[in-house]
Amino acid sequence: MVAHFTDRTAAAPDFVERQVTECLRYLYLVSRHREQLSGLFLPVEQDIDEIWHYLILQTRECRTLCEERLPGGFFIEHRSIAYESYQQAPGREQAMEEALRWIPLYCREFGPFDERALPHWTTVRFLHQRMGMSLADIAALEPLAPA
Amino acid sequence: MDKLIKAMTQDDVWQNWVAANSAGAAAKDGCISAAPKTGCISAAPKAGCIS
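If you read the sequences in order, they're chains A and B. Under the working numbering, residues 11 to 157 are what the first sequence spells out, in order. Under the working numbering, residues -17 to 33 are what the second sequence spells out, in order.
These are calculated hints, taken from the structure and not from any lab test. Note that this is a predicted model, so its numbers are computed, not measured. Heads up, the beta-carbon is just placed ideally off N, CA and C, and yes, glycines get one too. Check before you lean on any hint, since a few could be wrong.
Label-pair ranges, simulated between beta-carbon atoms [as the list claims (entries may be wrong)]:
(1) B:Met(-17) with A:Arg79: 28 to 34 Å
(2) B:Ala(-11) with A:Ala146: 16 to 22 Å
(3) A:Cys117 with B:Asp(-16): 17 to 23 Å
With the hints as constraints, model all of the structure from the sequences given.
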């Protein structure tokens, strides 16, 4: 997979390796926290989605990964939708809560986001670049208490 | 988290957030884990496939 994307993009192999890692982390989180994360808008960058698409095309390996290697043991479905359409249903505040929901769960499973993970997670990159939050501030985010 | 959500749903930040998640801003087609891209074209030589 790394060779496939290294051959087709200008990205360096170690960058592509990290993209694949973050794609797998995304899928792990969906599998591990199905009730909380399944059906939420993709929190990672489009390039990571392309890796997921490529994985889906390897049908046998994808099914094995989902059903036998990931903790939830279920096939992770995929559906395309534009964010403009997606966010209309939950509304602004809920859509934002959903986007932030990934962060504490990621940090709990994999540790704080580092500089190499930063470019791949849209929410984290936005918080860092647009909201001026440090990676330590981002790692310290607590989940919202249940209503 | 509550304060952050309030800050991020202010109009100016929200518009930037939507842009960061939208196609056209070097960003996303948009996908969730659970309708399809309505078409694909082959832009590269065949990679080769087996069943």
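Evaluated hints:
As the Cβ distance of B:Met(-17) to A:Arg79 is approximately 31 Å, the hint placing it in 28 to 34 Å holds. In this structure the hint that B:Ala(-11) and A:Ala146 lie 16 to 22 Å apart at CB holds, the actual value being about 18 Å. The hinted range of 17 to 23 Å is satisfied by A:Cys117 and B:Asp(-16), whose Cβ atoms lie roughly 18 Å apart.
Comparing the model with each numbered hint stated earlier shows that all of them hold.
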